[in-house]
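Chains A and X supply the protein sequences, listed in that same order.
Take the position in the first sequence, starting the count at 1, then add 2; the result is the number in the working numbering.
Numbering follows the working numbering, in which position 332 of the second sequence is assigned residue number 320; successive positions increment by one, without gaps.
Since the hints were made in silico from the structure, they are not lab data.
There may be inaccurate statements among the hints.
If we take Cβ atoms under 7 angstroms as the criterion, some of the chain A residues that face chain X in the derived model are [what the hints assert, rightly or not]: (1) Trp5; (2) Met11; (3) Met14; (4) Tyr18; (5) Leu22; (6) Leu27.
By construction, the Cβ of each residue, glycine as well, lies at the ideal position given by its N, Cα and C atoms.
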Amino acid sequence: MSWQAVTMMVVMIAVYFGGLIYFALKGERKE
Amino acid sequence: MAERSPQWSSRVGFILASLGMAFGAGNIWRFPRVVAANDGGPFLIAFIVANLIWAVPLLMIEMAMGKSTRLGTNGAFRNFVGRRRTWMGAWVGCCAILIMFYYSVVTGWAIRYLAFGVAGAIKPGLDSEALWKGFLSSPLETVTFHLVAILIAGAIILRGVQKGLEKANSIIVPSIIVILAVVMVWALTKPGAVRGLEFLFRPGLAGLLKAKTWLNAFSQAAWSVGAGWGLMLTYAVYMKEKDDIAANSFIIAFADSGSSLLSGMAILPLVFAVSPTVEAANTALQAGDTGLTFIYLTKFFPTLPAGSFIGGLFFLALSISALASLLSMVELAVRNLEDTGITRKMAAVIVVAVTFVFGLPSAFKISFQENQDMVWGVGLLISGMFFAYAAHKKGLDRVRGMINESSYVSVGRWFNACVLAMPVIFFVIFGWWVWQAATWYPRTWWNPFKTLSPGTMVAQWAVLLVILVLANNWLAKKIKAPHPESEGHKVISNP
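With these hints in hand, go ahead and build the complete structure from the sequences.
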């Protein structure tokens, strides 16, 4: 895999799952 | 003592049920295909943007409507927008119900292939095309598995919100994630699989300048997350008063997108691992949703070590994800019937019987299923617009206030901007789909009897629209008032 594709993969996984984890953790703290 | 309205037992239960609603067959068989056809990386960026601009605000509006009115689509529009707009809620409900009729048939296909996997029929040397065509040409089989699908869904819904919907989704959703992860890890261990990952994450950012990338991203966001279908509104009826709207909307959108990405990371490496050439992989990816799943993947799985077992797991994931989405459609129909005073048991029986009967044409003829998929799939964009209209009519700041009332993530004025932008987005995407359909039938685009023509879409929408507008007052009268005694339920009275 090219480094550009690896970068895209890391960024996309971080955005897709990072958003989920961010809002889920925020909810847990509130609860 | 008044009967207390059912509620989700916990926030996690509500989120899992909502995820079951959002994550359907389309996430598994459509997302990998669409991302492959739209330059990979740029589509993934456009898709998350589309989710944030279109899906998240719509989910918030739906939740606000369901939570505040405690009524299904018809009643929610009557009480939230006004009596004269009940037909809009009926349109939203009818679109989802008309999709449910053929979606039950599609769920039946997935269950049939799961049965093939369990019976050991997915084995090396299998003529998967003959198997698929043989199955479709056997009405006894397609009808039987359609019946199995709707009976399972009906039985779960009959058990109620907590014991049925919530319990089923608490098993189904984690199972889908685990199975997809197993398929992904298995696929990535195969030689050549990394080409699939490279294909999925192609970094050519110039793709972001293509209109097609954005049109496909917004279309996928509109269908994938289930925003604007009325399903989220229905599930929000059972939210607790303290339950959050804003963060839950983000969680559902991100979780649905993340699961789609997971299925992309499982399917594309698999296709590339088993295809002899890149061209062969591209051919498989252009074979349509059912072609990719029921012909190519079914042929590919048994050619690899442990492939028959993994193939069985894959069809298990497909079956239960389709079932979870079907559950939400059945619940939408049942909720609307319950609002008219019919008991849940009777409503579930009626919905199962009606779905079975009206699903038969799709079970008999795949071209009918394709027609309905096109007509009511694009019709859902109209449903989305009705929700945007509802929010606008109520007052965007007022709706935002309702959302922020119980949310720990404060929704700013960006929400207003997104809702105001929705008509523009709608006309562009809607126009693009209608125009696309016209190009498939350059001479007969107006013909309502052509499977995917603009003529068939407009004709069917017009018939439904006229019926619902004429029946508006009757529909509004049929809805019984919700229980005002329900603790903590704020009911917005009919203006």
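For each hint, the structure was consulted:
1. Trp5: violated, 9 angstroms
2. Met11: holds, 4 angstroms
3. Met14: holds, 5 angstroms
4. Tyr18: holds, 4 angstroms
5. Leu22: Constraint on Leu22(A) satisfied, holds at 4 angstroms.
6. Leu27: Cβ of Leu27(A) sits 10 angstroms from chain X, so the hint is violated.
Against the hints set out earlier in the document, violations occur for numbers 1, 6.
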